[in-house]
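A.B. asks: Sequence:
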Amino acid sequence: MPEGPEVRRYADALHAALTGRVIVSLQARTKEARKWLLESEQRITGRRVERVISHGKHLIGYIEGRFFFHSHLMMWGRWQTFSEPPEKDRRERARIVVDGAAAILLSAPIFNVGEGDPYEIIEFLDTLGPDALPYRGPFNRAEFLRRLLEYKDETIGAALLNQRIVAGLGNYLRAEILFHCKLNPWLTAGELNERHLTCLSKTIPRLARDAYKRSATAGEKDRNRMATDPSLVYQPGREIGTRHLVFRRTNLPCCAVGRRSDNSGNEPFRLRKRTRNALASFTFARSVREFRLKNDPYVLRSCPASE
Numbered sequence: 004m005p006e007g008p009e010v011r012r013y014a015d016a017l018h019a020a021l022t023g024r025v026i027v028s029l030q031a032r033t034k035e036a037r038k039w040l041l042e043s044e045q046r047i048t049g050r051r052v053e054r055v056i057s058h059g060k061h062l063i064g065y066i067e068g069r070f071f072f073h074s075h076l077m078m079w080g081r082w083q084t085f086s087e088p089p090e091k092d093r094r095e096r097a098r099i100v101v102d103g104a105a106a107i108l109l110s111a112p113i114f115n116v117g118e119g120d121p122y123e124i125i126e127f128l129d130t131l132g133p134d135a136l137p138y139r140g141p142f143n144r145a146e147f148l149r150r151l152l153e154y155k156d157e158t159i160g161a162a163l164l165n166q167r168i169v170a171g172l173g174n175y176l177r178a179e180i181l182f183h184c185k186l187n188p189w190l191t192a193g194e195l196n197e198r199h200l201t202c203l204s205k206t207i208p209r210l211a212r213d214a215y216k217r218s219a220t221a222g223e224k225d226r227n228r229m230a231t232d233p234s235l236v237y238q239p240g241r242e243i244g245t246r247h248l249v250f251r252r253t254n255l256p257c258c259a260v261g262r263r264s265d266n267s268g269n270e271p272f273r274l275r276k277r278t279r280n281a282l283a284s285f286t287f288a289r290s291v292r293e294f295r296l297k298n299d300p301y302v303l304r305s306c307p308a309s310e
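In the working numbering, the protein residues as written are 4 to 310.
The set of hints was computed from the structure by calculation and includes no laboratory data. Where hints are given, some of them may not hold.
Stated by the list, open to error - DEER-style ranges, computed between Cβ atoms: (1) Lys205 / Glu35: 35 to 43 Å; (2) Glu153 / Pro239: 39 to 47 Å; (3) Arg81 / Gly103: 19 to 27 Å; (4) Ala230 / Glu90: 36 to 44 Å; (5) Glu197 / Arg251: 46 to 54 Å; (6) Arg209 / Arg69: 31 to 39 Å; (7) Arg81 / Arg251: 16 to 24 Å; (8) Asn254 / Arg37: 39 to 47 Å; (9) Trp79 / Glu146: 26 to 34 Å; (10) Gly49 / Pro112: 26 to 34 Å; (11) Asp102 / Leu152: 47 to 55 Å.
Since this is a predicted model, take the numbers as computed values, not measurements. Ideal Cβ placement from N, Cα and C applies to all residues, glycine included.
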């Protein structure tokens, strides 16, 4: 599923292509949007797109006269922009044509068009937590912590995916944030101390911003290591394998702690508690699809300390 950084890049592309231009036509194949357009398309034709933004994983376009369009990409959706309308695609879910450009929504099940404030009309929009990628000012740490601590019994691994707590995080950002903060994903929100909360408040916007700007959460030094050491990636030479420290790195050596065990007969080292928690996050990222991981520090011994 596209996460906040990816949706923000789509919003940027649509904003650049559509803003200030007059709508020539707007078509949709989703049920509610198609019904609305059958009755009201003529009310938005000829109006200008004012801006396109994102909030977490939601994309919202504002049209003059208090009209809007909204999308959620779910697992496979994506937006494409063109200088002129392309041929129809069977995966197409919405098509916005303006004077001199077009935007096409592919494979997304959620697309809405309407009149009024989208936060009052679209379900769940008004419940979203602070955006991990705020447009203006710093990340709203106070609001994030207030919402997080309303879910004291929820594990932090699950809480970071709760869009009511913070908007825009998905599996890869969740895994990387936990790893950077050396947090055991099975701790509940109520068990976190001040150091944990401070780290989360700083790391969430930092990694979200990195993913938005660089399409990666790993630092350049670690990315260079993964690019030049074939043992650290599945397919040497592919840039995509160097983007993250833990996400989609099942059975690969841990970049932060050291090389895979070389079966030399050396005694397993004793991990410090903070390192053990970071590795628990690593293991959690590897097993996120099953969501059945049990935190067993003994399985972490196969990742030896760095020299």
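A.B. asks: Does the hinted range 39 to 47 Å hold for Glu153 and Pro239 at CB?
C.D. replies: holds (46 Å)
A.B. asks: Range first: 39 to 47 Å. Now tell me if the beta carbons of Asn254 and Arg37 are that far apart.
C.D. replies: holds (46 Å)
A.B. asks: Between Gly49 and Pro112, is the Cβ distance one that fits in 26 to 34 Å?
C.D. replies: Check passed, 29 Å falls within 26 to 34 Å.
A.B. asks: Between Trp79 and Glu146, is the Cβ distance one that fits in 26 to 34 Å?
C.D. replies: At 31 Å between Cβs, range holds.
A.B. asks: I want to verify a distance hint. Is the separation of the beta carbons of Arg81 and Arg251 within 16 to 24 Å?
C.D. replies: holds (19 Å)
A.B. asks: Take a look at whether the Cβ-Cβ distance between Glu197 and Arg251 falls inside 46 to 54 Å.
C.D. replies: violated (32 Å)
A.B. asks: Between Arg209 and Arg69, is the Cβ distance one that fits in 31 to 39 Å?
C.D. replies: holds (36 Å)
A.B. asks: Does 35 to 43 Å hold as the CB distance between Lys205 and Glu35, or does it fail?
C.D. replies: Taking Cβ atoms as reference, Lys205 and Glu35 lie about 40 Å apart, which means the hint holds.
A.B. asks: Holds or violated: the 19 to 27 Å window for the beta-carbon distance between Arg81 and Gly103?
C.D. replies: holds (22 Å)
A.B. asks: 36 to 44 Å was suggested as the range; check whether the CB atoms of Ala230 and Glu90 agree with it.
C.D. replies: 38 Å Cβ-Cβ, so the 36 to 44 Å window holds.
A.B. asks: Look at the Cβ atoms of Asp102 and Leu152 and judge whether their distance stays inside 47 to 55 Å.
C.D. replies: Distance hint for Asp102, Leu152 holds at roughly 49 Å.
Taken one by one, the earlier hints fail for this structure only at number 5.
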